[in-house]
Structures are given as structure tokens and as C-alpha cells.
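Engineer: These are the residues of each chain, in order.
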Amino acid sequence: MKPAKFDYYRPKDLPEALSLLESSGFDGKIIAGGQSLVPIMNMRLATPECLIDINGLQDLNFIESDDRVLKIGTMTRQNTVETSQLIKDQCGLVTEAVAHIGHLQTRNRGTIGGSIVHADPSAELPLVMMALNGTLHISSEDETRSVKAEDFFLTFLTTDMMPNEMLTEVHLPIWKGRVGSSFQEVARRHGDFALVAAACQLELDAHDRISDIRLALGGVEAIPLLISDAKELLAGERLTDAALQKVADVVAGSVEPESDLHASAAYRTQLAKVLTTRVVHQAYERAKGSAVCP
Amino acid sequence: MDKVIGKAVTRVEDMRLLTGQGKYIDDIGTPAQTFQAAILRSSSSHANLVSIDTAEAEKVPGVKAVITGEQVKKYLEPFSVGVSAPVHYYPIAVDKVRYVGEPVAVVVAKSRYIAEDAMERIKVKYEALPPVVDIEGSMEEDAPILHENVGSNIANHRTFHYGKVDQAFEEADRIIKHKYLFPKYTATPVETYGIIANYESSENQYTVHANFHGPFVIQAIMAQALKIPSNKLRIIVPKDIGGSYGIKAGTFPYMVLLSVASRIAGCPVKWIEDRQEHLSASSSGTDRVTYIEAAVKNNGKVTGLRMKMIDNVGAYIRAPEPACLYRTHANSTGAYDIPNLHIDAYAIMTNKLPTGLIRGYGGQELYFPLERIMQRVAFELNLDPADVIRENLIKKEQFPYKTASGGMYDSGDYMKGFELALETGKYEEFRKKQEKARKEGKIVGVGLACIVEPSGSNMGYITVALTPEERAKSLPKSGCSEAATVSMDPMGSVNVRISTTPSGQGHETVAAQIVSEVLSIPADKIKVVAELDTSTSAWSIASGSYSSRFASLGSSAVFYAAHKVKEKLMKIASHQMKVSESELELRDGAFYEKNDPTKKYALKRAAGSAHWNPLSLPEGMEPGIYETYYYSVKAAEPPDENDLINSSVTYGFVADLVTVEIDPDTGEVRILDYVTIHDAGKLLNPLIVDGQIFGGLAHGLGGALYEELVYDNKGQLLTGSFMDYLCPTAPEIPNVTIKHIETPSPMTPLGAKGLGEGNTMSAPVAVANAVSDALTPYQIEIDTLPLSPNRIWTLLNQAKQNKNKEVTV
Ligand SMILES: Cc1cc2nc3c(=O)[nH]c(=O)nc-3n(C[C@H](O)[C@H](O)[C@H](O)COP(=O)(O)OP(=O)(O)OC[C@H]3O[C@@H](n4cnc5c(N)ncnc54)[C@H](O)[C@@H]3O)c2cc1C
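So the protein sequences, as listed, match chains H and G. Under this note's numbering, residues 1 to 294 are what the first sequence spells out, in order. Under this note's numbering, residues 1 to 809 are what the second sequence spells out, in order.
I should point out that these hints are in silico values taken from the structure, not numbers from a laboratory. Mixed in with the good hints, there may be bad ones.
Between beta-carbon pairs, the in silico distance windows are [unchecked claim]:
id: 1; chain 1: H; residue 1: Leu45; chain 2: G; residue 2: Pro734; range: 57 to 63 Å
id: 2; chain 1: H; residue 1: Lys231; chain 2: G; residue 2: Lys179; range: 48 to 54 Å
id: 3; chain 1: G; residue 1: Ser111; chain 2: H; residue 2: Asn108; range: 48 to 54 Å
id: 4; chain 1: G; residue 1: Ala437; chain 2: H; residue 2: Asn108; range: 20 to 26 Å
id: 5; chain 1: H; residue 1: Lys12; chain 2: G; residue 2: Gln205; range: 23 to 29 Å
id: 6; chain 1: G; residue 1: Asn204; chain 2: H; residue 2: Asp27; range: 49 to 55 Å
id: 7; chain 1: G; residue 1: Ala437; chain 2: H; residue 2: Lys231; range: 26 to 32 Å
Below, simulated DSSO-like cross-link-like pairs (lysine-lysine); rule was C-alpha separation at most 30 Å, straight line [stated by the list, open to error]:
id: 8; chain 1: H; residue 1: Lys2; chain 2: G; residue 2: Lys239
id: 9; chain 1: H; residue 1: Lys246; chain 2: G; residue 2: Lys439
id: 10; chain 1: G; residue 1: Lys739; chain 2: H; residue 2: Lys5
id: 11; chain 1: H; residue 1: Lys246; chain 2: G; residue 2: Lys123
id: 12; chain 1: H; residue 1: Lys246; chain 2: G; residue 2: Lys442
id: 13; chain 1: G; residue 1: Lys110; chain 2: H; residue 2: Lys2
id: 14; chain 1: H; residue 1: Lys246; chain 2: G; residue 2: Lys800
id: 15; chain 1: G; residue 1: Lys739; chain 2: G; residue 2: Lys436
id: 16; chain 1: G; residue 1: Lys527; chain 2: G; residue 2: Lys566
id: 17; chain 1: H; residue 1: Lys5; chain 2: G; residue 2: Lys599
id: 18; chain 1: G; residue 1: Lys566; chain 2: H; residue 2: Lys2
id: 19; chain 1: G; residue 1: Lys73; chain 2: H; residue 2: Lys2
id: 20; chain 1: H; residue 1: Lys246; chain 2: G; residue 2: Lys805
id: 21; chain 1: G; residue 1: Lys525; chain 2: G; residue 2: Lys594
id: 22; chain 1: G; residue 1: Lys600; chain 2: G; residue 2: Lys578
id: 23; chain 1: G; residue 1: Lys59; chain 2: H; residue 2: Lys2
id: 24; chain 1: G; residue 1: Lys395; chain 2: H; residue 2: Lys5
id: 25; chain 1: G; residue 1: Lys110; chain 2: G; residue 2: Lys232
id: 26; chain 1: G; residue 1: Lys442; chain 2: G; residue 2: Lys426
id: 27; chain 1: H; residue 1: Lys29; chain 2: G; residue 2: Lys803
id: 28; chain 1: H; residue 1: Lys2; chain 2: G; residue 2: Lys600
id: 29; chain 1: G; residue 1: Lys594; chain 2: G; residue 2: Lys634
id: 30; chain 1: H; residue 1: Lys29; chain 2: G; residue 2: Lys525
id: 31; chain 1: G; residue 1: Lys571; chain 2: G; residue 2: Lys179
id: 32; chain 1: H; residue 1: Lys2; chain 2: G; residue 2: Lys96
id: 33; chain 1: G; residue 1: Lys594; chain 2: H; residue 2: Lys2
id: 34; chain 1: G; residue 1: Lys600; chain 2: G; residue 2: Lys3
id: 35; chain 1: G; residue 1: Lys179; chain 2: H; residue 2: Lys288
From a predicted model like this one, the values you see are computed outputs, not experimental measurements. Cβ atoms here follow ideal geometry from the backbone N, Cα and C, with glycine treated the same way.
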């Protein structure tokens with residue numbers, strides 16, 4: 001459990017980091033919190049020849065908001081995200097989700113960007129990005145671009161990013177009005193990756209009718225799964241048991257999970273159904289209870 | 001001086017452990033020119049080794065040697081085993097690999113990094129053979145065979161017949177039976193195996209530092225394998241071992257492998273096992289299939305038991321296996337008065353990691369079927385499980401109680417302990433709550449378990465693996481010897497040397513308490529030395545830290561060694577004071593004349609004369625104060641010709657009550673409350689006791705709900721890291737209430753019994769009983785572990801579907 005030999009660079013700023021990334025081509029790899037990368041290097045499942053440590057890039061450690069969009073720098077530690085009042089006030093779904101990532105110790109090191117780029121299909125942050133259709137801001141030496149979460153995750157541990165590119169910040173839309181959200185998961189133990197996780201955010205009109213809803217599931221496919229039918233099924237109505245059942249059935253029909261050591265495909269499908277009803281219901285109740293924005 | 005034994009004093013070890021000053025194997029300095037080893041391991045579960053090409057690996061700069069089984073074999077004999085089957089076990093594969101993780105080559109290099117780089121360049125050609133992974137499958141006619149010269153996969157088979165079993169079954173009102181599978185799981189100490197081995201050709205001697213904790217009978221096995229006189233194998237155990245829970249008895253094959261590596265490479269070699277190696281290739285608990293049948297009267301009284309137990313010892317049977325089958329032999333009928341017993345015991349081999357000691361050793365494998373069947377008796381006869389237990393528990397008046405298989409339960413009041421569990425856990429109240437909860441669609445249940453916790457193994461029990469005829473051919477084995485040394489230097493300071501190689505249980509603290517009380521010296525003035533050195537310490541074959549033997553045996557050796565010192569000092573004082581010994585008493589560091597307390601003689605002075613002024617000593621007395629006591633117990637006799645064996649020295653008692661709630665939608669089990677009542681005789685330090693109980697319980701809950709070494713049908717390990725091998729962590733531990741009753745053991749001078757393994761034995765079945773109780777409306781039988789949400793939900797789902805089918809039919 002010792003990594004293979006690698007070169008190590010610690011750039012001072014973003015241009016230097018991007019230039020190093022450019023010059024190292026396919027052999028370079030960014031290291032942020034190291035909570036995913038270091039174990040896989042120790043097991044020699046990854047053997048990058050060159051590590052570019054972005055822990056010195058303090059400019060990428062920030063949380064800002066302009067009341068429309070919440071912006072979080074890629075180097076922001078998960079623990080900082082978890083304890084940010086601003087994030088809790090404007091995008092509580094993130095706060096609720098982050099608490100489920102690993103342990104306090106791993107959240108002290110792990111970054112928001114590292115988790116998103118790692119793109120584990122059961123991970124919380126990719127799921128939240130998908131649920132809220134956040135935007136990823138990406139830079140290379142020649143170009144800066146942004147991509148929606150719905151287009152970012154390609155398959156298991158694979159994203160739309162090129163080897164010379166780096167994630168710099170993520171943007172999340174801030175919902176206004178009678179908004180409620182919920183994040184729930186089933187994991188074997190506290191801090192384990194979820195067997196299945198579900199995230200929901202919805203908005204109600206003055207008559208408790210759902211005016212907008214986003215629902216997504218993690219752990220059921222190679223990437224977080226957006227249930228795009230949710231809006232069609234639920235919008236314009238108050239939430240009823242029958243409606244909930246319908247969404248759960250749609251979910252059960254649309255997921256194609258794999259079986260593994262900890263959960264069979266049938267069990268994951270069951271969890272997807274159960275967690276769907278639970279998050280939609282909880283988000284709805286929370287929205288009803290909220291006077292203004294959550 | 002006040003009484004110190006039995007006080008909840010804090011641990012003397014904690015200061016150094018909590019300030020990073022512990023001395024673990026990896027903290028020990030190494031000789032100059034020590035190289036590091038990495039071990040290449042088999043990726044195949046069963047294959048012929050066609051070739052190993054090490055040429056490229058040897059070229060890597062910094063590599064000193066690349067060593068294969070072929071080279072190692074020259075310096076070794078196979079390890080001897082405790083069965084008659086001719087299994088050839090070497091610490092590295094020769095000719096064949098038999099489990100994933102088996103050592104295939106050792107790279108010795110300047111650093112572990114380089115060693116691992118080189119390891120990737122070794123080319124091994126395997127010729128795949130069909131693997132054997134299933135316990136019962138291994139016994140089938142056409143099963144592939146692991147060890148051709150054994151002729152089958154059965155390493156050991158014995159049958160035992162005690163009492164009138166057939167009659168009990170003929171006269172029974174009901175026969176209740178089932179098959180249970182206890183899975184393969186492990187212990188996961190924070191510190192993995194670690195070894196520094198050094199061969200000195202000038203002396204033809206191996207010096208091995210290792211976190212090995214005995215039993216030291218294995219020292220002889222290692223020396224024999226290395227083909228050297230046993231005094232040429234010097235083993236030094238560091239004073240701190242970072243947890244073991246039994247598994248570090250399994251360090252020994254690696255000690256031999258690294259010894260030979262040092263010899264071949266010509267330099268000292270250090271190896272610290274990593275976590276992946278630990279999970280795949282150290283040692284593990286023994287998985288067992290049990291067919292159990294109970295002869296039962298309509299009132300729930302069990303009159304006879306038949307058990308067919310099949311232990312899977314993995315790819316090689318290695319010492320001390322097949323001991324898992326026999327460690328609990330004397331207490332096979334648990335806490336119950338069941339005079340008629342038939343046991344059909346098998347140890348079989350499959351293409352999995354070889355097994356060995358794990359906390360609870362044999363206990364959880366035994367009590368899982370036993371306590372499950374007791375609950376089943378209740379369910380089938382429509383009785384309250386608590387009443388079935390009451391009907392069968394051994395009564396207070398029956399102690400000392402002789403078990404069917406030869407055990408001598410030394411003391412106990414099982415009914416009192418059990419009733420205390422019911423009362424503390426509010427059993428009756430819970431039953432009412434349960435009725436109500438069920439009407440609301442909730443799934444809640446309560447599980448009970450009563451178990452006997454054996455401690456201080458009789459070294460003779462392992463020979464039960466042999467038939468009486470086979471045993472008669474060799475020297476009988478008995479006893480449970482442990483040694484301790486108490487010495488006083490010229491200034492009157494006390495050193496205590498123990499051979500119980502503690503791995504975090506606080507032996508230093510308790511030893512100091514005991515010596516403090518006997519010699520009436522403050523405990524903090526006493527220095528306990530826990531390092532063991534086979535060349536300089538007093539030790540014996542049973543020495544070490546396993547089978548909860550410190551409280552029963554280690555502490556007794558310390559107690560008597562301290563008494564020897566006291567007696568000698570008393571003689572000196574009596575001689576100097578010219579007063580007979582019977583007129584003297586020792587208190588507050590001095591001998592006082594009973595009738596005239598103004599006359600005293602300081603302990604320190606007595607010690608001083610023994611060193612400074614030997615000529616002043618009584619006629620014939622040796623100078624110095626250095627007393628070693630070897631302790632054993634009479635009750636630990638060898639097995640007799642009828643296979644009756646008292647396999648342990650003391651027998652504690654544990655009664656558990658656990659309540660659970662199951663999420664009907666997800667199958668998740670939540671423990672609401674855990675009550676555990678212990679009778680470990682006289683408690684030597686209640687603080688340490690409760691710490692041990694919490695640890696043992698956490699391990700037991702791991703077995704119940706989380707932990708399993710899972711292999712696929714090709715023999716590949718699927719739980720090779722802590723991401724998939726799930727140990728419970730702090731948040732998984734429920735509310736626990738611990739209570740004690742103390743019925744002192746008449747076997748030990750302090751009345752203490754061993755402890756710390758009890759809940760590892762009881763918790764898996766207690767939780768299984770609770771889950772099964774919760775699921776009674778669905779008629780689900782829990783017959784294996786761990787109770788993962790996936791497993792529970794699948795069972796529930798099937799039960800619901802079956803019910804629906806019944807309705808539609
Ligand atoms: C015990 C334990 C439990 C865990 N449990 C969970 C859990 O329950 N849920 C969960 O989601 N995760 C869990 N994790 C993983 C953890 O969340 C990691 O923190 C996270 O996946 C990666 O973040 P990091 O900053 O540590 O990234 P690193 O490990 O440093 O990097 C991860 C990957 O992202 C790339 N990367 C990082 N930053 C950038 C960037 N700005 N631009 C481009 N590429 C980048 C790296 O090159 C690497 O490929 C756990 C980890 C541990 C050790």
C-alpha cells in the first residue's frame with residue numbers, strides 16, 4: 001500500500017497550476033483534499049506521474065452569493081461548506097447533504113470540487129449538483145467554460161473534463177419563495193457511501209400546490225439520476241399519497257441499478273422508491289412550513 | 001494500606017498511550033542495515049505454481065533479494081499441526097497456491113516503496129485449479145482436493161457421545177432442529193502484524209521482534225519449522241501491542257517467513273503488514289455450519305442435544321486449529337442443564353484464508369445455533385422464550401456443576417443474572433409495548449441470550465482433536481501454566497515481570513494493583529514490565545494473551561509471586577526482629593509486631609539487607625529478592641479415555657437482553673437498547689472490566705450486523721478493504737447498560753474469572769434472536785449473519801410475497 005513514484009508540484013496560483021497541467025498532459029493529476037486520490041494511489045489503482053497540489057490556491061477557497069446564485073470555490077473544504085450559514089440559508093439542500101459525506105476528519109480535508117470531479121455514483125455532492133442543476137466552472141490554459149451538471153457527469157467516475165482542465169468553482173441557483181428541500185440516504189454505517197441517496201427540492205404556490213420540483217437519485221446508475229418526470233407528475237397539485245405512489249412507481253420503473261456486495265439490484269430499487277417518497281414528502285412539508293425562502 | 005484489588009483505578013498505560021509514547025513494534029529501533037520487506041501474494045485461490053520469474057524485480061535499484069518458496073523451503077520443515085491429517089503448511093506457497101493472498105514471494109529492499117515497485121515486476125504463472133469455497137461442498141465426493149496427500153478436504157473428524165442421547169431423543173415430546181451458518185469474520189486491530197527478524201550466522205540464531213502474543217507453545221512449533229534448537233529462536237514482544245483480539249496469534253507463520261528471508265538476504269528484515277494484507281492474509285475467525293437437534297419436553301425442558309459442527313479452517317489447518325471446535329467443548333451445553341450430548345465435529349479445508357484465534361473463539365460459533373434453537377423451542381411450543389431459558393438454566397445449588405462433556409463450572413448464579421437482565425431490560429413491559437407497536441405496523445422485537453464464558457484454556461483441550469488411542473501414543477498435555485516474576489532492588493523498588501503480552505487490556509495496571517496490595521506498597525511505586533523475551537523472561541507454553549487468561553491465570557501468577565517475595569521479606573524481618581513470623585503483620589510498607597505496634601521493621605530495610613548485607617540473612621537464605629512463580633490449576637487435567645475434558649479453568653456467565661426495531665421499508669435494524677449482565681467472579685478493576693465489555697460487545701455487534709469476509713464462488717475476496725469490510729464505529733454502538741453480579745471463583749486465589757470475550761460470543765445471537773422475535777408475524781427464521789438491511793429486506797419481501805400467494809390461492 002505504497003504509491004508508485006511521482007513528481008510533485010505545488011503551484012502558487014491558478015495560471016501556474018493550469019500551465020503545469022497543460023505541460024504534464026495525460027500524466028498529470030490534481031490533488032485537492034486527497035481523500036479519494038490518496039487511497040487509490042496507495043493501492044496503485046492510479047499511478048499518476050505528476051501530482052499538482054492545489055492546496056496553495058487560496059483564491060479558490062470561498063463562498064459567495066449575489067442572491068441569485070451561490071458560488072463556491074473548488075478548494076472549499078466540505079466541513080466549511082457544512083458549517084456555512086450562508087449556504088444553509090440559501091441552499092439548505094447542500095448543507096443537509098454534506099453532513100452525510102464520510103466523517104468529520106475526511107470533511108476537514110475533502111473539498112467540494114474534489115468530490116464532484118471524482119464523480120462517484122453514490123456521492124452526495126454530485127447528486128446535489130444534479131438535483132439543482134448547478135453549473136461547473138472549468139479552466140484550462142487557453143479557455144474558461146461552464147457546463148451544467150446535467151451535461152457534466154458522463155459515466156462511472158468520468159466527467160466531461162479534459163486532462164488539461166481544472167474545476168475552479170461551482171454555481172448553484174438560489175430558489176426564492178415557498179421552497180423546501182430534503183436529502184436522505186441509506187448507508188450501511190455512519191459515514192459510508194450511500195447504497196442509495198435521494199435529493200429533492202420543490203416550490204409551492206400560495207395554495208400548497210407544487211409549482212416546481214427537482215428530484216434526483218444517487219447509487220442507482222453510473223451517474224446521479226435526474227427524475228425529469230417528477231415535475232410533470234406533481235406540478236400544479238397538492239401532494240397526495242396517490243401522487244407520491246405514482247412518482248415512486250415511475251422511479252422504480254426507470255432505475256436500473258447493479259447488484260453488489262452490499263445491495264442487490266432489487267433492494268436498491270426498493271430503496272429508490274422508499275427514499276423518493278420520503279424526500280418528496282419531507283421537502284413538501286418543509287415548504288409548507290416555510291413562510292419565506294428556506 | 002487500603003484494599004487496591006477491585007478498585008476502579010485508572011490505567012498506568014494510558015499516559016504513554018495517550019501522549020504518543022507507546023512502544024509498538026513500529027516504534028522499536030532497528031539494527032543498522034535493516035531492509036524492508038514486501039510480500040507478493042497469490043491472486044488465484046487455487047492453482048499450480050508453474051513458474052516465478054524474478055529477474056526484472058531483482059534489477060530494480062535498491063532491491064537486496066527476491067525470495068520464493070523454493071528457496072525458503074530449504075531452511076524449513078512444514079509446521080506441525082494438531083491433527084493426524086498430513087497437511088504440509090509452509091509460510092509461503094510451494095508448488096501450489098491455495099488461497100487469495102497466500103505469500104508467493106518476498107522482496108527485500110531499501111524501502112517498502114522500492115520493494116513494492118519491484119513486486120510489480122515479478123511474473124508468476126499459475127495453472128488454475130477448480131476452487132473449493134463452500135463448507136459442505138468441500139465434503140462432497142467429487143470436490144476438488146486442496147491437499148492431495150490428505151486425500152480429502154477433511155482435516156479432522158471426531159464424534160463424542162455423552163450420557164444417554166438416544167434415550168433422550170426417544171423419550172422426547174418434540175425434536176426441534178435446524179441448520180445454522182456462522183460466517184467467516186475477523187478481528188481488526190488498529191495495529192497490523194509487524195516483524196523485525198534478524199538471522200546471525202555466527203550463532204546460527206534467529207532474533208525476532210514481533211507483536212505475537214502467544215500461546216508460546218507456538219515458539220516450539222516455530223523453532224521446529226526452522227530446524228533449530230528452540231533456544232536459538234529468540235522472540236521479543238514489545239511492551240505495547242496495538243490490539244489483537246486473538247488475531248496476533250497468527251503472526252507466527254510470518255515470523256518464520258521473515259526469519260528465513262533475513263537469512264537468505266543476509267540482513268535484518270522488517271515488515272509491517274498493511275491493511276489489505278491483514279484482511280486477506282493474516283488470519284480470521286472460523287466459519288461453521290451446525291446442524292443442531294434438541295430433544296424437548298412439552299414444558300420446554302431440553303433433555304438432549306445433537307450437534308454436527310463443520311468448521312472451515314481455510315486453506316491449511318494451522319496451529320492452534322482445529323481448536324475452534326474444541327475450545328468450548330466443556331461448555332457445549334452452554335448455561336443449561338442438559339446431560340445428554342452428541343457431537344459430530346469436522347474441520348474441513350477450503351480455498352480461503354486460514355483461520356485462527358479471534359476473540360470469543362468458538363463461543364460465537366457455538367452459541368449462535370444453541371441460543372437460536374432455544375428460542376425456536378419456545379416459538380414451536382408456544383412458550384415465552386424467557387420461560388424456556390428459566391426451565392433449562394443450571395440452578396445455583398448445582399455448582400460446582402459437571403457438564404455432560406466434562407466441564408467443571410466453578411461457580412455461578414445464572415438465574416439471578418438472567419432475572420436481573422429481564423428486570424433491567426423491562427422485559428414484561430417491552431412485550432406489552434411490542435403488542436401495541438405491532439398493531440401500528442411497527443416491527444420490534446426482543447432477544448435474549450444466556451452464555452457461559454470460558455476463560456483460561458486448559459492446554460490439554462486441543463488434544464481432544466485426537467482419538468483416545470492416538471492421544472495415548474504421546475505425552476499427555478494438561479495445565480495452563482503462567483509465570484510472573486516479582487523482584488525488589490537494593491533500594492526497595494519493585495519490578496514485576498509478566499508474560500501475558502498485553503495488547504491493550506491494562507495488565508500492567510492490574511498487576512501493580514495486586515502487588516501493591518500484597519506487599520502494601522503504593523501501586524504507583526511498582527513498575528510492571530510487559531515486554532516478553534523468550535531468552536530472559538519466565539514463560540511457559542501457555543503464556544500469552546488469549547482465552548481471557550490474565551484475570552484467571554496471569555493475575556494468579558502475579559499474586560503468588562508477590563506472596564513469595566512477602567514470605568521472604570517476612571523471614572528476614574522475623575530474623576532481624578527476633579520475633580516469630582506468626583507475630584508479624586505487613587502494613588504501610590513495614591512489618592509490625594502484632595502485640596506491640598511500636599516495634600516495626602521497614603520493608604525497604606528487609607530488601608536492603610537481602611542485597612547489601614547477605615550475611616545478616618537467616619541461615620541458608622539466598623541473597624537478593626527475585627521470585628518467580630509458575631501457576632497452574634489442578635482442574636486443568638488432560639482429557640480422559642472417555643473424552644471428558646474440562647477445557648477451561650473458570651467459567652463466567654453473561655445474560656443479554658436486546659431490543660430492536662426494524663424499518664419495514666428498508667430492512668434496517670436499529671438497536672433500541674442493549675442490556676448485558678456479567679458474572680466474572682471477583683472483579684479486579686471494574687473500570688477496565690467495563691472497557692473490556694464495551695470492546696467485546698462492539699466486536700459482537702460487528703458479527704451480528706456488519707462484519708463478514710465475503711468470497712465469491714471463485715474464491716476471490718470481495719471485502720479486501722475497510723470500504724467493504726465493515727467494522728462498527730462509534731456511531732453504530734447503541735445504548736448499553738452493563739451490570740455485574742460477583743460469585744467468586746473457587747479456582748483462583750483472587751476469585752477472578754476471565755472476561756472480555758463474553759459479548760463477542762453472545763451479541764451475534766442476542767441480536768439475531770431479537771430480529772427473529774421482531775419478525776415472528778412473518779415466520780422468518782434467522783439462520784445466518786450478518787443481518788444486513790439487504791438480507792432482512794429480502795427475507796421480509798419473500799415472506800410478504802408468500803403471504804400474498806396464499807391469499808390468491
Ligand atoms: C473514510 C472515507 C469516507 C468517505 N465517505 C464518503 C461519502 O460518504 N460520500 C462521498 O461523497 N465521499 C466520501 N469519501 C470521499 C471524500 O468525499 C473525498 O473528499 C472526495 O471524494 C474527494 O475530495 P478531495 O478534495 O479529497 O479530492 P482528491 O482526493 O484530492 O481528488 C479526487 C479527484 O478529483 C480530482 N480533483 C480534485 N480537485 C480538482 C479540481 N479542482 N479540478 C480537477 N480535478 C480535481 C483529483 O485529480 C482526483 O481525481 C470518503 C472518503 C474517505 C477517506
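Engineer: Take the hints in turn and mark each one as holding or not.
Structural biologist: The hints, checked one at a time:
1. Judged by the Cβ atoms, the range 57 to 63 Å given for Leu45/H and Pro734/G is violated: they are separated by roughly 36 Å.
2. For Lys231/H and Lys179/G, the Cβ-Cβ distance of about 52 Å falls inside the hinted range of 48 to 54 Å, so the restraint holds.
3. Against the hinted window of 48 to 54 Å, the Cβ-Cβ separation of Ser111/G and Asn108/H comes to about 29 Å, which falls outside the hint.
4. A hinted range of 20 to 26 Å is violated for the C-beta pair Ala437/G and Asn108/H, which are about 40 Å apart.
5. The beta-carbon spacing between Lys12/H and Gln205/G, approximately 56 Å, falls outside the hinted interval of 23 to 29 Å.
6. For the hinted restraint 49 to 55 Å between Asn204/G and Asp27/H, the CB-CB distance of approximately 50 Å keeps it satisfied.
7. The hinted range of 26 to 32 Å is not satisfied by Ala437/G and Lys231/H, whose Cβ atoms lie roughly 38 Å apart.
8. Note on Lys2/H and Lys239/G: the hinted pairing holds, with a Cα-Cα distance of about 28 Å set against a maximum of 30 Å.
9. For the hint linking Lys246/H to Lys439/G, the alpha-carbon distance of about 27 Å falls within 30 Å, and the restraint holds.
10. Between Lys739/G and Lys5/H, the direct Cα distance comes to roughly 55 Å. Violation of the 30 Å bound is thereby established for this hinted pair.
11. For a cut-off of 30 Å, the pair hint linking Lys246/H to Lys123/G is broken: about 57 Å separates their Cα positions.
12. Distance hint between Lys246/H and Lys442/G is fulfilled; the C-alpha atoms sit about 24 Å from each other, no more than 30 Å.
13. Annotation: proposed proximity of Lys110/G to Lys2/H holds, straight-line Cα distance about 14 Å (limit 30 Å).
14. This hinted pair checks out: Lys246/H and Lys800/G have alpha carbons roughly 21 Å apart, not beyond 30 Å.
15. Distance restraint check for Lys739/G and Lys436/G: the Cα-Cα separation of roughly 29 Å lies within the 30 Å cut-off, and the hinted pair is therefore satisfied.
16. Straight-line distance between C-alpha atoms of Lys527/G and Lys566/G comes to about 17 Å, which keeps the hinted pair within the 30 Å bound.
17. Restraint check: the Cα-Cα separation between Lys5/H and Lys599/G comes to about 75 Å, which exceeds 30 Å; the hinted pair is violated.
18. Under the criterion of a C-alpha separation no larger than 30 Å, the hint pairing Lys566/G with Lys2/H is inconsistent with the structure, at around 54 Å.
19. A distance of roughly 29 Å separates the Cα atoms of Lys73/G and Lys2/H; the hinted pair therefore holds under the 30 Å criterion.
20. Taken as a hint, the Lys246/H and Lys805/G pair is honoured in the structure, with Cα atoms around 24 Å apart against an allowance of 30 Å.
21. Our distance criterion of 30 Å between C-alpha atoms is met by Lys525/G and Lys594/G, whose separation comes to about 26 Å.
22. Between the alpha carbons of Lys600/G and Lys578/G the distance comes to roughly 12 Å, so the proposed pair stays at or under 30 Å and holds.
23. Distance restraint check for Lys59/G and Lys2/H: the Cα-Cα separation of roughly 19 Å lies within the 30 Å cut-off, and the hinted pair is therefore satisfied.
24. For the hint pairing Lys395/G with Lys5/H, the CA-to-CA distance comes to about 67 Å; that exceeds 30 Å, so the pair is violated.
25. At roughly 27 Å between alpha-carbon atoms, Lys110/G and Lys232/G fall within 30 Å of each other, so this suggested pair holds.
26. Using a Cα cut-off of 30 Å, the hinted pair Lys442/G and Lys426/G holds, with the two alpha carbons roughly 19 Å apart.
27. Of the supplied pair hints, the one linking Lys29/H and Lys803/G is violated, its CA atoms being roughly 56 Å apart against a limit of 30 Å.
28. Under the criterion of a C-alpha separation no larger than 30 Å, the hint pairing Lys2/H with Lys600/G is inconsistent with the structure, at around 65 Å.
29. The hinted pair formed by Lys594/G and Lys634/G fails the criterion: a straight-line CA distance of about 35 Å is larger than 30 Å.
30. This hinted pair does not check out: Lys29/H and Lys525/G have alpha carbons roughly 57 Å apart, beyond 30 Å.
31. In summary, the hint linking Lys571/G to Lys179/G is not supported, as the alpha carbons are separated by about 63 Å, beyond the 30 Å threshold.
32. For a cut-off of 30 Å, the pair hint linking Lys2/H to Lys96/G stands: about 28 Å separates their Cα positions.
33. With a C-alpha separation of about 68 Å, the suggested pairing of Lys594/G with Lys2/H is violated against the 30 Å cut-off.
34. Using a Cα cut-off of 30 Å, the hinted pair Lys600/G and Lys3/G holds, with the two alpha carbons roughly 21 Å apart.
35. Between the alpha carbons of Lys179/G and Lys288/H the distance comes to roughly 53 Å, so the proposed pair goes past 30 Å and is violated.
In this structure, the earlier hints numbered 1, 3, 4, 5, 7, 10, 11, 17, 18, 24, 27, 28, 29, 30, 31, 33, 35 are contradicted, and the remaining ones agree with it.
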